[in-house]
Every structure is written in C-alpha cells, then in structure tokens.
Amino acid sequence: MVEFRMPSLGAEMEAGTLVEWLIKPGDRVKRGDIVAVVETQKGAIEIEIFETGRIEQVLVELGKKVAVGTPLARVVTDEEARTGVAAAPPAPKAAPAFAPAPPPPVERKMPSPAPAGMAPPRAGRVRASPAARQLAETHGIDLATIAGSGPAGAIELADVERQLGAAAPAGKRAIGLDLDAMRAAIAAAMTRSKREIPHYYLEHTVDVTKCEAWLARTNAERPPESRLLMGALAMKAVALAARRFPAFNGFHRDGKFEPIAAVHLGMAIAIRGGGLAAPAIHDADALALDELMARMRDLVQRTRAGRIRSSEIADATITVSSLGERGVEALYGIIYPPQVAIIGIGRVVTRPWIIDGAIAPRSVVTVTLAADHRVSDGHAGALFLAEIGKLLQEPDKL
Amino acid sequence: MSDQSIQAVVKEELENIAPDVDIEAVDPSADLREALDIDSMDFLNFVTAVHRRLGVNIPEKDYPKLITLEAAIQYLEAKRPGEGAKQ
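Line order of the protein sequences matches chains A and B. So the first sequence is residues 1 to 398, counted in this note's numbering. So the second sequence is residues 1001 to 1087, counted in this note's numbering.
One should not assume that every hint holds.
Cut-off 16 Å, straight-line C-alpha distance, at most; resulting in silico cross-link-like pairs (EDC-like, lysine to aspartate or glutamate) [as the list claims (entries may be wrong)]:
{"id": "1", "chain 1": "A", "residue 1": "Lys397", "chain 2": "A", "residue 2": "Glu212"}
{"id": "2", "chain 1": "B", "residue 1": "Lys1061", "chain 2": "B", "residue 2": "Asp1037"}
{"id": "3", "chain 1": "B", "residue 1": "Lys1061", "chain 2": "A", "residue 2": "Glu221"}
{"id": "4", "chain 1": "B", "residue 1": "Lys1011", "chain 2": "B", "residue 2": "Asp1037"}
{"id": "5", "chain 1": "B", "residue 1": "Lys1061", "chain 2": "A", "residue 2": "Glu212"}
{"id": "6", "chain 1": "A", "residue 1": "Lys397", "chain 2": "A", "residue 2": "Asp285"}
The set of hints was computed from the structure by calculation and includes no laboratory data.
Isolated chain B (complex conformation):
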C-alpha cells in the first residue's frame, strides 16, 4: 500500500469519528484530540479501525506517537512494512 493510501485511510477514519470536522483544514501538527475534539474512546475506535484496515498493530504505549496527523502518518508509514511482513 502506498503512502498515499495510508494517508487516505487515516483521514477517512478520523472523518468517521469527527464527521463535522473538515480534516483537510486541520493543521497537520496540531494535537488531534484538541483539533478534532475526540475522547479516549474515539481514539481507541480510530486505532481499532487503522489496525483493521492497514494491519498495523498500535500498542497502547505508542499512542503518544500518533498525537498529530503528520506524526500518525509517519508512524504508520514506518511501521507498516515490518508489520506487514510479520503477519
């Protein structure tokens, strides 16, 4: 899967959680919890959806690495090849 689609999946799943927010207008370096007004259950649903769609497991201890849009995409890009090979 290309980086393009990782980005698309992330944005799509964030939009599912915060349908009233225009994800394209969100500052890529902003704290997602603030920018999208999401709570811990929303974030868990996001992580669950990303795991399901990309096959990338995101351990709880890595949650802080997904705090912004750009960090989340970077994390998943870095993680995907290795994870993909393992599964």
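If we strip away everything but chain A, and leave its shape as in the complex, we get:
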C-alpha cells in the first residue's frame, strides 16, 4: 500500500483546503486521474494522483487544511495487487516527476491518519462543486439537506441557489478565485524572488515579419478553432531554446541548481479583475505547434475558470510572460522561484529596419530575459536570447 500525498503547489504555497473528493474507497484510479480539489490562494487546484490502482482509504476530511506532503489517501497499486506483496510503507513515493520541495515547517494541523478500516467521514460522501460548497457555507446550509442535480447526484451551484431562493449572482466571476488571496500569493513569491535571486536582465529585438507572414498564410486556410497565434510561435521557440540552454531550465533549490531535461513551459496568464497565474505546459518543446496552441487555449480557459491541475502549478521549469498586442514594447519579468529564468515578450510593432542597406518597414518584437546570476551569466543569456530570435526566423520549422 502506498500513501498518496499532497503534491507541491509552487513557491510560497504550502497548504490548501480540501473541498472535494472525486473518489471514494474501492474506486479504481490511474496515474494522472484527478482525485480531489483543493482550494488555494491560486484558486481551486485539481489534484492528480501518481499511482495506478485501487483507493484503499481516504485520509483527509473535506474542509481540512492540508500541508504539502500530507498523506491524502492510501492506494493499493496494481503491482501490489498482482504480487500480493505490499510495498514498503510510505516512502514519499507519490512525488511527481521531480520531488516537490520538502514540506515546509508550516502548521501541521493534520489529524493523524485515521485508523485502518475506518470509513471516510460522512461529509466525504456529499458530492458538491466548490462553488456550491462555498455558497452553502456562506449561508450556513448543510449540504446534506440539498438535492443535487449534477452527475451522480452532485450538488451544483444552481441547487444551492434554488435552496436559497437566491437569484443567480450578477457577475460570473470564476469559482474558487479569490483575487485578494491570489495577490497575497504573488506578493510572497515575488518578494522571495527579489530577496533571494540576483536577477540580471537582457533584451533582444527580433524581426518577426516572417512569422506574421507565415501565420497569415497558415491561418487563411483554417477555421477559427484551429488558427494559431504569434504567442504559440514564441512559446515554441522559447521551449526549443531552453532545451539547448539548460542553465535557464530547472530549479534552484537548497543552495544548488538542478537542470531539468524536460521543458515544462510556464505561461503567465492574466486573470480578469487583477490576478496572475503561470501554470505549466508539460514537454512544450516536444509538442507540435497545433498541439501547443490547443494546450495554450485550454490552459488559459481553465486558469481563468479557476481550475488548474496540481502538476501544472509546480512543474514549470521556465516561464514566458507576454503582455499581448495592446501591451508595451518590453517587459522585464521577475523570476518565479525556484525557477531560474523568465522570458518577456513585448508587443509586435512596425519599425523602420535596415535590410541589405535599405530601410524597410518590419514587424519587430522585444524579447527580454531575466535570469538568475547564481546559475548563469549574461554571456550565456545573450546566446539563449539570440537562439530564440534565430528560431523565430524559420516559423515553418517550429
């Protein structure tokens, strides 16, 4: 039997409140399944499991605040079921591809694991969406008294509203997104970054005229749902360059840098009303452009709806921030610890450029790098930025 533990939630995020179990004892799970929802300062995060097998026991009640590293459930893996041999008890084996930061010495309000064989608390059986739960809690309604209309009788927001006789709220602000709490999380992470990371900054102007022409040609033949944006080209170019320049892709932890072979590209996403999150697109360097674009669209939508997955929160190995077409010409990012670099993409502007001795109008964009001087120097940073610029000269090869 192995213990499935609360995964890392990213820098300066040490705990979350368990608001939804999507599994119960006896259920089959496979690696990557979403098994629970935890509310954090970054909104609701869907917790994925890293084992394939059968849930033996649920260890945490709804409504409990759980620290990173806390056992959430016990799982009998398929391997154990087949061999009849129980795995050695819980080494912190539930770690994702890279071990999460060791559980920080924060409050350990967790109850000790329930005795074996104990049924999960009754509350664990009331299935309800986070929004429904939140509304019910605000009004002091016991969820057990509400009839659910969702899948498997799950209580949805509308069910609680019906119970309240309340009109639907005017705004459709995403559930589980508390912008004040999110601001506090951003403040904590960025303060730590500015305190601990000796940033250096470089900028490079890249001619993206060929990218624009290639996009116009490619998109002309496509329906809107499969069109590409300049942002996808930029993300792919950064991912490919990061693979070639490992000093910018990885984590600085416990006083040393660990380069990461895979490129999990963080994408800074603005949230309406003043929030920001930078979840990861896994293995972005290996994705075809169309697939990368589809993942970007999905990620933006889920992030703004307040549904990020746990692996997306903690896995980013480098981040890209782009302020879009109405933004400024250049932005200088603050590194998101424990990462060691952030790329800023400015607005594409038309400028007089010299081509073969003659002035011509070209579309150019300023690409910046903020990187960690503990790990790399400006010389390497300049080569890294130049590589991104070179890759953008051949959009058809991205």
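Put chain B on the given structure of chain A with help from the hints.
Here is chain B on its own, set in the frame of chain A:
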C-alpha cells in the same frame, strides 16, 4: 436567423469572454479590445464561437472589421446570408 439574434449571439459570446463587463453599457462604437480588455486569444475564442453558432467564417484578414460592437454586428449581418447559402 434575424438580426436580433445575431446581435444576441454576439453579445452573449462577448459576455462569456468578459463576464465582469456589462455589455449593454459598452459604447457600440468603442474598440472592443479596449472596452472589454480582451487579448488576442480572447478575440480568437470569440471568432471561434461566432463561427460555431452562426456558421459565418471570419477570415483573419477581416478581424479589423469586427473592432467595435456595431461593426461586428454589421459585418455578420452582411456576411450571413451569402455564407449560409454556401454551406
């Protein structure tokens, strides 16, 4: 589909993208990107939704013709009959 419903679809899809904005209060001649604070991905999602619901394909080169609420509705009204017949 009547003009009324083209207008309704446009407003509904813009509201989906910018749920915190009261679309009825938006100046019909204002730049939507400014008025609703939407980025290129939001706009692509809007165009995708309109294409799905009204069957009107909006080529990328026509995006500037949808820059305001009134221009977008006008464009779609003009485009729909021909497009509808073709599909």
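To see whether the hints hold, each was checked on the structure:
1. A:Lys397 to A:Glu212: Distance of about 14 Å is within 16 Å: holds.
2. B:Lys1061 to B:Asp1037: violated, 21 Å
3. B:Lys1061 to A:Glu221: holds, 12 Å
4. B:Lys1011 to B:Asp1037: holds, 15 Å
5. B:Lys1061 to A:Glu212: holds, 12 Å
6. A:Lys397 to A:Asp285: Cα-Cα ~12 Å, so holds.
In summary, the one numbered hint that this structure violates is 2.
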